[in-house]
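Engineer: The chain contents come next:
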Amino acid sequence: MPEDLDIHPLDELAVDGIAALDEKISGTYSPEVWERRTMYYIRRDPEGSFVAESDGKIVGFMLGEVRSGEFGLERPTGWIEVLGVDPDYRQQAVGRRLAEAMLERFRELGVERVCTLVSESREGLTRFFAALGFKASDLRSLTLELPAKEAS
Amino acid sequence: MSVRATELPKAYHQAVERWRDTYLPDFALLLEKWDRFFPRDRPFKLCAYRECGSCAKIECGEKKGQEKYVRVGEMGSDQAAHLLGAVRAQASTEFGSIQQHQLTLSRAQDEQDQFWILRMMAEELRHGYQMLHLLLEDDWSAATRRSGADMVEEILSMRTGSHVLGTFNIDFDSFVDNIVFCALVDRVGKYQLSMQKVSAYRPMAESMPEMLREEAFHLAAGVLPLRRWAEQAAQDSVYVTMPLMQKVINKWLPRALEMFGHELGGATNLRYGFKPMVNAEAQEAYYREVGKVLDDLNLRFIRSRLKDLKHGEAIALRRRVVEEGESVRGIAPEHLLRQPHRHFFRRRGEPAFSMVGFAGEAFEDPELYLRHILEHLPETYAAGRDFKGYATLLRQVQGGEIDASEAARKTPNLSRVGGVCPCSKAVRWVAGGPTDDGATFSTTP
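Protein chains in written order, with my numbering: chain A, 1 to 152; chain B, 1 to 445.
Honestly, the hints are just simulated from the structure, not real lab data.
Please note that the accuracy of each hint is not assured.
As the list claims (entries may be wrong) - So the derived label-pair ranges between C-beta atoms look like this:
no., chain 1, residue 1, chain 2, residue 2, range
1, B, R107, A, E70, 57 to 63 angstroms
2, A, A93, B, G384, 51 to 57 angstroms
3, A, K24, B, L306, 14 to 20 angstroms
4, A, A93, B, P243, 44 to 50 angstroms
5, B, E32, A, L73, 32 to 38 angstroms
6, A, R140, B, R4, 35 to 41 angstroms
7, A, E3, B, D150, 41 to 47 angstroms
8, A, D138, B, S106, 53 to 59 angstroms
9, B, R319, A, E74, 34 to 40 angstroms
10, A, Y40, B, G53, 23 to 29 angstroms
11, B, E284, A, I25, 52 to 58 angstroms
12, A, E123, B, A332, 47 to 53 angstroms
Said to hold, decoys possible - Pulled from the structure, derived: some chain B residues nowhere near chain A, Cβ distances all over 12 angstroms:
no., residue
13, G65
14, R107
15, A220
16, R227
17, E281
18, E289
19, R320
20, H335
21, R395
Quantities reported herein were computed from a predicted structural model and do not represent experimental measurements.
Don't be surprised by glycine CBs; every beta carbon is placed ideally from N, CA and C.
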């Protein structure tokens, strides 16, 4: 783990660092997309999403929120929705430290169940969540491919 | 943790609503359009929120580890008076900023920017309401002989020019002021609220979490439009240029730094357990964070102008231009934003009325210094009463007529506020019998 790793709540200044991290992973620079996304989480609960900083730059982030009433889950449920870790900082417990901060926040908010969705093709991500104690649940993800309407 | 929402006793709630109708006339419009601009956000409610279940032990100072104070009466009179000063100052800033923002709100070029500022104003009103809640829910007789009604009346009667802190006595000249104010001055608010979150007075500590959540939006309401303007400026937009942004930053940053109090002060707050940091420590962290904001904006400018650059390349270019003063690929130092020296254009605190230039250079002639400052400030501001007052005091200090601390004191303070005297012609905001609905506070004759 980087010695100076600092985990702190997401704020409006994190946008560029997150956009840069995404650019490093995906090759696309989309600050406006990350601005919209981060603002959504900042407005919902600015203490509920986290970034990891080392050596003055953002090396990871985890976005999530508490919802209740959706998908038949009446009790407040924590959702981990977006996770990104700098490829140069993987296997250094950055994701685990982010998850610990987020799970602690969920606990403070009275959450007893935390959910996320992981593609079966993302084995590393599945292992990451399993190492945190996540298990397959009775919630099943269902998908419908919606073809575009043909132009008349 | 749970959040408890309460309303002030009826007479006071109505007083705040009357104040709102006067200084925030677009409030109804905000509610009408709330779902359009903030479709997934909780609707606005004028009330005080208290987050129950926060730390019960004093977190800093000489009584660290003991139970937090639940009532003002549990403190000594000096400690209570200190706390009261902080609550009144906080309340004054919340109401004061609304009066400032209202001046230029309608000049926004972008409807979303305007509604974000409008929402921020409504939330500042709620923050002021939260402070009135603290004043009215407890018995402050350990700190003052004034009644809750008088204290509320006094705060609601303040105008731009009579607020506790100098920052809130300066008129806005354009919508750029609204935006820069959010990015810089609300950021001081974030620091103050974060520090007060550990307050030894539990009602204060419990008031902070919800205010901080709202403050996070206020900072974004400033930084996001600044980023967009920086990107547009890089495309040679004629509306908001980087030099204009720089000048407005220069106008507000010195005042924002002064909001932390004197650089040598803050020990009493720390000792009493009201804040975990002394003034200089908090100011230093703030100044560094503002540096990050400017770095962020410069990066947006560079990447908008030179789209082929990757993140690391853009950072390297920014460093060469800002720190080394080079011109690289058509981007010169004057194209980017720079952080004024922390002693530039100061009138309170340790460097008050010292003549330190934008880049930290020293001046000896007040007239030359004033001309230097004027080059770095918006012309509309320089033509106003605030700058004239500063120039007059600077000449007096440099001419040996008064000393810097006396000049610093010549800014508005609470004792100058009118409006509570029965013979005053000012509007009385608190009408009727304030205790007629069974308010739980006590008043002292």
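Engineer: Are any of the numbered hints broken by this structure? If so, which, sorted upward?
Structural biologist: Hints 1, 7, 9, 11, 15, 16 and 18 are the ones this structure does not satisfy, whereas the remaining hints hold.
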